[in-house]
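K.L.:
Chain residues, written in single-letter form:
There are 4 protein chains.
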Amino acid sequence: MKREDLLAEPVLHMKLQPYMTVNQLIQQFSNSGCFGAGRLAAACGVFENMVRDEKCTVFLALAGAVVPAGLRSIIADLIRKRLIDVLVSTGANMIHDLIEAQGGHHYKGHWFVDDFFLYKYHINRIYDIFVPREDFVKADKILIEMFDEIAKEKQGQVLSTSELMRLIGSRLEDPKSIVRAAYEANVPIFLPAMRDSEFAYVHIVHAERSKKEKALLVDSFKGSSEIVALAERSRHLGMVVIGGGVPRNTVQHAALMADKGLDYALIITTDRPEYGGLSGSTPEETISWGKLKKKAGKVMVIGDAMIIFPIMVAAALERFGKDFQRKGNP
Amino acid sequence: MKREDLLAEPVLHMKLQPYMTVNQLIQQFSNSGCFGAGRLAAACGVFENMVRDEKCTVFLALAGAVVPAGLRSIIADLIRKRLIDVLVSTGANMIHDLIEAQGGHHYKGHWFVDDFFLYKYHINRIYDIFVPREDFVKADKILIEMFDEIAKEKQGQVLSTSELMRLIGSRLEDPKSIVRAAYEANVPIFLPAMRDSEFAYVHIVHAERSKKEKALLVDSFKGSSEIVALAERSRHLGMVVIGGGVPRNTVQHAALMADKGLDYALIITTDRPEYGGLSGSTPEETISWGKLKKKAGKVMVIGDAMIIFPIMVAAALERFGKDFQRKGNP
Amino acid sequence: MKREDLLAEPVLHMKLQPYMTVNQLIQQFSNSGCFGAGRLAAACGVFENMVRDEKCTVFLALAGAVVPAGLRSIIADLIRKRLIDVLVSTGANMIHDLIEAQGGHHYKGHWFVDDFFLYKYHINRIYDIFVPREDFVKADKILIEMFDEIAKEKQGQVLSTSELMRLIGSRLEDPKSIVRAAYEANVPIFLPAMRDSEFAYVHIVHAERSKKEKALLVDSFKGSSEIVALAERSRHLGMVVIGGGVPRNTVQHAALMADKGLDYALIITTDRPEYGGLSGSTPEETISWGKLKKKAGKVMVIGDAMIIFPIMVAAALERFGKDFQRKGNP
Amino acid sequence: MKREDLLAEPVLHMKLQPYMTVNQLIQQFSNSGCFGAGRLAAACGVFENMVRDEKCTVFLALAGAVVPAGLRSIIADLIRKRLIDVLVSTGANMIHDLIEAQGGHHYKGHWFVDDFFLYKYHINRIYDIFVPREDFVKADKILIEMFDEIAKEKQGQVLSTSELMRLIGSRLEDPKSIVRAAYEANVPIFLPAMRDSEFAYVHIVHAERSKKEKALLVDSFKGSSEIVALAERSRHLGMVVIGGGVPRNTVQHAALMADKGLDYALIITTDRPEYGGLSGSTPEETISWGKLKKKAGKVMVIGDAMIIFPIMVAAALERFGKDFQRKGNP
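Chains as they are written, first to last, in my numbering: chain A, 1218 to 1547; chain B, 1218 to 1547; chain C, 1218 to 1547; chain D, 1218 to 1547.
Accuracy of the hints is not assured; some may be wrong.
Copies of the same chain look alike in the list, so a pair counts if it fits in one copy or across any two.
[What the hints assert, rightly or not] Here are the simulated DSS-like pairs of lysine-lysine, each with C-alpha atoms no more than 30 Å apart in a straight line:
1) Lys1428 - Lys1371
2) Lys1371 - Lys1272
3) Lys1431 - Lys1371
4) Lys1539 - Lys1232
5) Lys1369 - Lys1428
6) Lys1431 - Lys1232
7) Lys1431 - Lys1355
8) Lys1369 - Lys1431
9) Lys1428 - Lys1477
10) Lys1544 - Lys1477
In case anyone wonders, no lab produced these hints; they're calculated from the structure.
Chain A extracted, bound-state conformation (with noise of 0.2 Å):
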C-alpha cells in the first residue's frame, strides 16, 4: 500500500443549517467520516443497502427497554412497510408492548427517587420510566384468559414462541402494536428466551389453572428449526441489532447453522469488545465464526439506540422515500 493511499480522502468539517434534515445531517457525519460520526454514517449506508437488497431478509434483534421508552411506533411502522422481516425480541420488550395494546401506559418519570417509596406505590421503575403496577396486572389478566383460550384451541399441540406470538397477535386491536403489526404484516417474532418475562408468570397463573396437562406446551427448541429453516429460504440475510444478548446470538447462530453467513449486520450497543461478551462483539469477531461473510456490510456503532436507531432510520425513510413499501422476505 502507498502512503498516498493512506491520505486519500480528508476529512470535510460538517457544515450546519437551520432547517437541515436528518439525512443531510448524516451527509455531514459521513463528510466527517470520523469517530462515532463515521460509524453512525456508514450505519445508514448498511441499513439502506439491506433493505434495497430485494433478496434479503432483514432481522431486527432487540434487547434492553427501548420498547417502553419510546420505540414502539418506529418499530411497529418498520414491520408494516415490511423493512424488517423478523422479529427477535426479550420477552419483556413484548410484554411492554401488550400492557399498552391493552391501554396501560409507561411514564416519564426520574432515576433518583427512592425506589422504596415507589414500591409502597406500586410504581416500578426502568431508569427514568415509572410503570403502575395496575398495568401490568391488566395485562397480565387478559394474556393469562388469551393463553387459557388459545391451550382450549391447540388441544395440547406443542407451539414455538413465534407460533404463540402469532396468535397473540390475532387478538389484539390495538393498530400501534408491534405484536399486532407483525400478525398483519406475517413478520414472526422469535423469543428465545420468552420465559425470561413477565410471560412466565402469565403461563405460571395459567397452568395452576388448567388441568395442567391442557396447559399451554411451548417447545424450548421449536424455534431453533423455525428460524433456521427460515434462514435457508432466504437468500440474503441482513441483521440489525438493538442492544445485543439472547436476541443478537440467536439470529447470528441461526445464519450459522442454515450454513450461510450474514450479508449485512449493523449493531447499536454501548458494550464494548474487551470484556469478551457477545454484546460487545465486533462483527470482525463474528467473520471468525462463519456467521458473517468476509464481505458483508458491516458497522457497530457505540450510542445510546434511542438516540442512534431513530436518526438511522429517519435517515433511511429520507432516502426510500414517500409511500416505500418493501416486499419482504423470505
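Take the given structure of chain A and dock chains B, C and D to it, following the hints.
P.N.:
Positioned in the frame of chain A, the structure of chains B, C and D alone reads:
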C-alpha cells in the same frame, strides 16, 4: 442529619506491603471506602454475609464468556463447597464447560487478528480466546448422542432445562466440570435461553435423526415453576450476578413471582444504568419492583468479572478458612 | 408527593417520517423523554435557553480530538454568530485548527492498522484519522516564526494564553479557522494546559533560537485572573462541555472563583461518575461545590460528541432561524 | 503462521485458595491470560520490568481524584522507594495531598445525596467522598503564605511548576505527603495544568496582596524544557498512567520531543479508544507518533484505578521482596 454525621469517617489511605493476602488487600480497600475500591470491599462483605446466612439460597447468575476464559474451576469449586446453591446461566457457558469435559480446550489468542484468516483455519474467536472448531464438533457429537439416549430413556416425557442439565451431568466424568459438579452437589442449573446456544444445533440434529415424536421435548416454561418453587421453599434469597442479561433477570423475577424480595444482591458488570437496560440497572431500581428487599445487602461493582469475581471469592475463602464446607439450601 | 403526580406524563412513542428536520426529530425525542433521547432533547432546551439569555456569557469547554475529526467549521461558525462567547480548549485542538489554517489536512483512516507501518510512513494516527507528519512540521515552522515575531514585538512582556492566541489569530488568513474566527469575533481562547501540546515544541525551538531573555514568556496564572474577571463581569454564566478534563474544570472553577454559580450547564461526555474523575462527574455534584446554581438548567448527555454536538447545534439553529446573530457577552 | 501456533497455549482455569497472596492471585490471572485478567497479569509484568530496568526513568501520570480517595500513601511510598522517578499530575491531586498535609481530611460519603443540602452545609462532594470546605480554606491560607514567602525569596525569578512544587515540599512536615516525599526523594512533580486547580485561587489572592510585580511568576513553558531535558538524560523511559488526560499526554509528548520512544507503557483507564480522545487511545496508536517504541512492553488495563493500581503495586512489591529500594533515575 447533622453536619458532623456526614463527616464522621475519614478516608484512610491504603497501605501495601509484600506478601499481603487478597483479603488483607480488601481490608485496605475498605479503609479507603471510595469509588471502585469501596464497592469491591462492600461486595466482599455482602458475599460473606449471604454465604454465612444458613437460611440463604445463593443463586449465581452467569452471563458473558467467563467460563471459556478461566472461571470454570472457581465456579465448580463454589458448587462443590455449596457456596452457591443454584446456577442460572447462558447456554453458551455450559457448552464451553462441556467442550472441556470432552477433552476440548480454549486457547490464549489475540484480538488483533484477521478474522477471515481464522475462519479459514477453523478457529472461532471470543475476543482474545481461540476455540478450534473440531472441539465444538466433538462436543456436538457427544451431546447429540446423549440427547438420543436421554430421549430413549425418557420416552416422550417433557423435561425442563434443569432436568436435562442434570441428566447430562450424570453422564460426565470430568470432575472439573461445572455440570458434573452441579450434578454431584445437587445444584440445579437453569438455562432460561438454552436454545440460544450450540444446544440448538445439537437438538436439531438429534431431532432430525430421531423420529420426530421421540425427540427430546424441553418445555420452555417448566423451569419457571421449578425456580419459583425453589424460591418459595427458601427462607432467604441471595443473588450473585456476573454480567447480567437473561440470567440476572430470571433470578430477580423468580424472587418476585415467589412473592419474596431478594435479601442479598451482588452484581458485577460493566453495564451502566443510563441506557435503561436490565443488565446495567441498579440494585436500588430492583427495590421498586419488589424484587429486592429495602434492607437487603446490595452492591454493584463496575468492572471486568474476570478480575472482580476471583478477588471477591479469594477474599471470602480466606474469611471462611480452610475446609469450610457449607450445607446448602433450600 | 401524590401518586398521580408521578404518573402524570406518559411516554409518547416517536413517529418518524421522510424529510423530517433535525429539530423535528428532537421533538420526537422529547415525546419519549427517556434514556438518551430524553437527555438529548433536554440538552437542546438548555442550549437554546442559554443562548437566548441575553445576559449569559456562554463558555465552550473543548477536549478530545473533535476539531481534527470534523467539528472545526461548526465551532468557528458558533464563534462568528457569537452563540459562544469564550472558548476554553486543550492545546491540541487549537494546534489541529492551525495545521489546517496552514494548508494541512486530516485524513479519513482506519483504526485496524499496523501502527509501526504508519510510523515508518510518517503518519500519526488519532483513532481512525491519519495526520501526515509534514503537516505538523509545516505548522510548527510557521508557529515558531510567529512566536519569534510576537516575542520581538512584545519585548519581554508577560503574556497569558488568551493574549497569545489572539496575537496568533490576528496573523492568520484562513476564514475557516477557529483561532481566526475568535480573533475577529473578540472571543477569547483560554488554553489552561497550553504547554501540553505541540505548542511546547514550538516554544522550545523558538526559545533556543531566541536569546533566552527574549523568548516569549507565558504566565501560567495570568489566564486565571482574566477568566475570573470575565466571569465577574458576566451577569449569567453558561457552560457547554465537550469531553471534560481541564477545559471543563477551568470553566467551573472560574465560576466558583468569581463567586457565582453557573446558570446553565450542558455536558456531552462518554465518562461516567462512578470512578470519581471530574470529566464524568454529574452536574448535580457540581452544585455541592457552589460551581453550579441549584436552579440551573443542566443536563449531561452520555455519548459521542461527534454525534451529539452537531445534532444539538443543528436543532438550535433551526429554533433560532436563519440570519440569527447574537450580540455576545459579557 | 501455522494453525498449531495459534492453538499453542490453552487457557488454564484459575484455582483459588484461602490465604493466597495478591501475587499468587495474579499468577492465576496469568494462567487464564484472557480478557481483563490477562491484561492485569500482563500489566504486573510490564511494571516489574520497568522498575527492574536500572536504566529506566519511571514516570507516573496521575489524573482523576485518586489521591483524595485513598492512594496517597501508596504513591508517597512508591516515591520514597524510587519505584517512580517523576510525577506528572493534575493540580487537584496535589491540592488534596496538601489539604491532608495541613491536617485536613477527606470523608467517606455517598453519591445519592441532595447536593444543594451539601452546599448549604459547606461540604464539597467528589462522587462518594465529602470534603469540608474549611479544609480547603485552611490549605488555601497556608499555601497563600507559602506563595508570599517564596515570592519574597525568589525576587521575581521565573519558576517552573516543578521548582514551585519542590519549594512547597521543602516547607511541609507531614511525612505521608506526596509533595514532601517527592522533595525528600528528589522526584520532580510536573503540573502542566497547575492553574486548573485551587492553585489558581491561591495565586490570585497572593498576587492581589503582593505588589503585582513581586507576585510569583510561573512560566507555562519552562516545565516543557525541563521534562524534555530529563527524558534526554534518561536511557530508558517508562510510563505508568492512572486515568489519562493532560498528565499522560505530557509524558508521551516529552518522549517524542526528546526524540526517544517510551520503552514501557502501562495505562490504567476506563476510557475507550473509539471516541478518539487521548485518554482512551491505545498504546499501539502511540507507536505511530513515535512516542512509544515498536518493541515496548505495553498494556492497557480497563478498569477502576482504585482497584487495579493497588493490586498491581502489591503484586510488584511481593516480586521485589521486603526492603527493596531502587536507586532511581535518571
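K.L.:
Each hint needs a verdict: does it hold in this structure or not?
P.N.:
These are the hints, each one checked on the structure:
Proximity of Lys1428 to Lys1371 under the C-alpha cut-off of 30 Å is found in both arrangements, the shortest distances being 14 Å within a copy and 22 Å between copies. Taking identical chains as interchangeable, the C-alpha atoms of Lys1371 and Lys1272 are never at most 30 Å apart, the minima being 34 Å within one chain and 43 Å between chains. In this assembly of identical chains, the alpha carbons of Lys1431 and Lys1371 lie at most 30 Å apart whether taken from the same copy (9 Å) or from different copies (20 Å). In this homomeric assembly, Lys1539 and Lys1232 come within 30 Å of each other (Cα to Cα) both inside a single copy, at 26 Å, and across copies, at 14 Å.
Taking the shortest Cα distances, Lys1369 and Lys1428 sit within 30 Å of each other both inside one copy (11 Å) and across copies (27 Å). In the homo-oligomer, the alpha carbons of Lys1431 and Lys1232 never lie at most 30 Å apart, since the shortest distance is 64 Å inside one protomer and 42 Å across protomers. In this assembly of identical chains, the alpha carbons of Lys1431 and Lys1355 lie at most 30 Å apart only when taken from the same copy (24 Å versus 39 Å across copies). In the homo-oligomer, the alpha carbons of Lys1369 and Lys1431 lie at most 30 Å apart both inside one protomer (7 Å) and across protomers (24 Å), since each shortest distance falls under that limit.
In this homomeric assembly, Lys1428 and Lys1477 come within 30 Å of each other (Cα to Cα) only across copies, at 27 Å, whereas the closest approach inside a single copy is 43 Å. Taking the shortest Cα distances, Lys1544 and Lys1477 sit within 30 Å of each other inside one copy (22 Å), while across copies they are farther apart (49 Å).
Violated hints, listed in ascending order, are 2 and 6; each of the other numbered hints is respected by the structure.
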